[in-house]
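Protein chains in written order, with my numbering: chain F, 1 to 484; chain A, 485 to 585; chain V, 586 to 673; chain Z, 674 to 895.
Wrong hints could be hidden among the right ones.
Claimed, not checked - Below, computed lysine-lysine pairings styled on DSS-like, alpha-carbon distance capped at 27 Å:
hint	chain 1	residue 1	chain 2	residue 2
1	A	Lys575	V	Lys665
2	A	Lys575	Z	Lys675
3	A	Lys510	V	Lys665
Claimed, not checked - Just the calculated beta-carbon pair ranges, DEER-fashion:
hint	chain 1	residue 1	chain 2	residue 2	range
4	Z	Gly851	F	Trp275	42 to 48 Å
5	A	Ser573	Z	Ile775	42 to 48 Å
6	F	Arg430	V	Ala669	45 to 51 Å
Simulated from the structure, these hints should not be mistaken for lab results.
All C-beta atoms, glycine included, are put in the ideal place defined by N, C-alpha and C.
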Amino acid sequence: MMIDLAVWLILLPLIWASLAFMAGPGRGARLAIPALGLQLLLVLLLAGTVSESGAIGLAVGGWGAPLGIDLAADGLSVAMLLLTQVIALPLAIYARSYFQVKAPEGRYFWPLCGFLLAGLNGLYLSADLFNLYVTLELVGLAAVALVAADGGSRQLVAALRYLFATLLGSGSYLLAVALIYAAYGTVSMATLAPVITAEAPFVVWLAGGLMLVGLMIKTALFPFHFWLPPAHGGASAPVSALLSALVVKASFYLLLRLWLGPFAGLTASAGLLGWLPATLGALAIFWGSCQAIRAQRIKMLIAYSTVAQLGYLFLIFPLLTSEAALRAGIMQAFAHGLAKAAMFMAAGVLIKATGQDRVDSLAGAAQQLPLTMFAFGLAGVTLTGLPPSAGFLAKWLLIEAAIGQGAWSIAVVVLVGGLLAAGYVFRVLRQGFLLVPAIAADAPSFHPVPRTLEWMALLLAAASALLGLRGVELMELVALGGAA
Amino acid sequence: MTSGLLFACVGAGLFVMGGSGVLLLKHLLRRILAFNLMGSGAFLVLVGMAQRHGIADPVTQAMVLTGIVVAVAATALALALVRHLYRLSGKLELPEAADDD
Amino acid sequence: MSLGLSFDLLLGASLLWSGWRALSTPRLDRALVLFIVFGLLMTLTWARLAAPDIALAEAAIGAGLTGALLLDAYGVLQAKRLAAEARK
Amino acid sequence: MKRLVVIPAALFFVLVLILALVDLAPPAFDLRPLVAENLASSGVAHPVTAVLLNYRAYDTLLEIGVLLLALMAILAVSGSPRTTSNTSLSASDPLLAMLGRIAAPVMVVVAVYLLWAGTSRPGGAFQAGAVLAALAVLLHLTGLLAGWQQPGVRLRWGLAGGFLLFLSVGALLLLVEGELLRYPPAHAGVLILLIESGLTLSLGLILAGLFLFLSHDQGGPR
Chain F
1 MMIDLAVWLI LLPLIWASLA FMAGPGRGAR LAIPALGLQL LLVLLLAGTV
51 SESGAIGLAV GGWGAPLGID LAADGLSVAM LLLTQVIALP LAIYARSYFQ
101 VKAPEGRYFW PLCGFLLAGL NGLYLSADLF NLYVTLELVG LAAVALVAAD
151 GGSRQLVAAL RYLFATLLGS GSYLLAVALI YAAYGTVSMA TLAPVITAEA
201 PFVVWLAGGL MLVGLMIKTA LFPFHFWLPP AHGGASAPVS ALLSALVVKA
251 SFYLLLRLWL GPFAGLTASA GLLGWLPATL GALAIFWGSC QAIRAQRIKM
301 LIAYSTVAQL GYLFLIFPLL TSEAALRAGI MQAFAHGLAK AAMFMAAGVL
351 IKATGQDRVD SLAGAAQQLP LTMFAFGLAG VTLTGLPPSA GFLAKWLLIE
401 AAIGQGAWSI AVVVLVGGLL AAGYVFRVLR QGFLLVPAIA ADAPSFHPVP
451 RTLEWMALLL AAASALLGLR GVELMELVAL GGAA
Chain A
485 MTSGLLFACV GAGLFVMGGS GVLLLKHLLR RILAFNLMGS GAFLVLVGMA
535 QRHGIADPVT QAMVLTGIVV AVAATALALA LVRHLYRLSG KLELPEAADD
585 D
Chain V
586 MSLGLSFDLL LGASLLWSGW RALSTPRLDR ALVLFIVFGL LMTLTWARLA
636 APDIALAEAA IGAGLTGALL LDAYGVLQAK RLAAEARK
Chain Z
674 MKRLVVIPAA LFFVLVLILA LVDLAPPAFD LRPLVAENLA SSGVAHPVTA
724 VLLNYRAYDT LLEIGVLLLA LMAILAVSGS PRTTSNTSLS ASDPLLAMLG
774 RIAAPVMVVV AVYLLWAGTS RPGGAFQAGA VLAALAVLLH LTGLLAGWQQ
824 PGVRLRWGLA GGFLLFLSVG ALLLLVEGEL LRYPPAHAGV LILLIESGLT
874 LSLGLILAGL FLFLSHDQGG PR
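Only chain F is shown next, with the shape it has when bound in the complex (with noise of 0.2 Å):
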């Protein structure tokens, strides 16, 4: 009965999504927000059943694998569940003033953002190699169409830049789905992991390699980042905030299921394997924050900033031999996308209220705006890493994690990337509350905005700075049937 649950959540969104549609462009809030307030009790449900009674998996069909399609629901899957539907709630509620106020740009945000969010479910529950590929379509193609949504030819590029990298990834994984197919007869997770080992024919490597490769490119890891800043940075407030919060992690998520599930074999063989997603991480974190202190325009600078905070993910990779080190990944994934959420959801409620989105042009927001300065800052702390949030408990436990194996490269760059996060988050911050206009007539006017989007974004924000004090919760539900 228990395990319904988890299907529903796949089912929820797809319903109200299609019916969104059928009820017309612009209509669909209405019906999202309730069903999105299930989906986030049914998770709340799952997490409870699978910390109690442990990985819970289910046939689709009543075939089950390798001839039918598993789903399965164990701590890392519900742990991104949890995180998906907990910023998708008040993301919804912003969404709808937001796009009140603005309606042509969300005609069809509700029906796409459902297909989005019923593809993340989908991706995070499933367990058979094919039909994982047709949820990254899923998540991609919606994703894309989400940023194109009645853009200007900016964001047309953007959305452009952001397809041919979608489905670079997508179609590698694809050939790697095909490789593995011709060398096993099967795409079941489950059935593959025993039979992948050290010894697999060459074929399985370079699979596991274009899975990699694809991925990595699916979740901008540095160098392949050069789709996401015009993506993130150029979409309306809600959907930039669903793309970096939610959608990049999904492809994370996957490569790190891949890496620790059917993979293993390989994976634990070639110990050497994880220093190149790490290194890559490495360099992500200075190049992305880098840019984040030299960007004009507010939203590029969070969104070079998501390209910095991606890299954290990746550090993980060389030491994944301790549970410690996939702890601290999902923390990072909790705090960046509550944090990510939280700020591109006051970039939209400072954009709205002064109708521009240059850093120079916040100065006095702090006294017009100052729920909406406050949820930045305290987001920002989340991405520096200060205690309590969450972001520390992430870096906290990475470098505990790095000092255990002996991987002192991997605390310093943690240590050094606070320090070049808390360059760019400052620079806002003096903006919004130390600055004062230089003659008071030059001074931005500011529209008034709705309460709702203000609260949200603090809402968010207030959760990423806080959840490092309820984090042993989370990690326990992670540690639970956790990498099969």
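Please build the complex by placing chains A, V and Z on the supplied structure of chain F, with the hints as guidance.
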């Protein structure tokens, strides 16, 4: 050599050709063609390798049917973006470097 | 070498050739035609691989619909270009 | 510059890949016997249809979702509805119009045949839907059917109806049988035919929509 294996090798060639095309070609319509070649190549590897001993495999055939539909969906979306971009800017190529601000 | 295999070799070579030319030929209209030819060759290939379902889908969706979409897009782009040149 | 990296890398990769493919041992698992054994309880006689709509029906469900998503994406991208002047029917060649009128009933019959044939031999909802879509495109080209702009409520129901029907059957089976899309063997055939009929109609509309929504967009660079 069976036809399955032969076409799988052809598929490998098509995939790589299409992939390089997506990376290198400037004209957006050509990139869409290249993406389709890439997809067809992967499908040929999937079915060809599964049938390299000469017996038809309905599982991979069904997967490829799914894949073809996904590919046409992606192609249609790409064309919608390209046509709209052309309408707004008159351009059929992406600008060289992503602009920062 | 059997007749079937030599046919397959020829077919495989034509697939690679038409795919290559579709990407490299300088004229866009020729490229699109070559791409549709490529789709038809794929249909033949699926038939050779004992996959009639895919052959039907490839003919209808792969070559047919994708080809129609591309040609329609090309037609519009061409018409606009001609109109723009006429205005000059 | 980029070429100097990509082309040698591509050539090297394809060489390695082909060498690896050629000397690959036979796979450890073989799904063909499983497909054949369970065919009797799958509700259809054609193995590919059995995989598509029974064993791996969940893939197919999501794939229809992807297609519907692409259609919505096109609507979302193509901008706000503009003046309808450029979608008025073009005065068409009477010969073409006659061709369209003759072809229409024939193609509908072909679509129904393909749908029905799919249970026992090659064919099925996709192919039948594609034929319906081709019919719509043909009618458009012969001037009998206008290009589509923003879809009205009936068209939206038609576009999403097949997907929603598939989804409802899946959800119903989850409630009744305890697993998503687990057909009771006695009713599998009927349920699959029901799903396929809905899909044929919606796929026909969606595939036609991909063409017709895009092709109404004739405006030049502004």
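Practice task
Report the numbers of all earlier hints that the structure fails to satisfy, in ascending order.
Solution key: When the structure is compared with the hints, none of them turns out to be violated.
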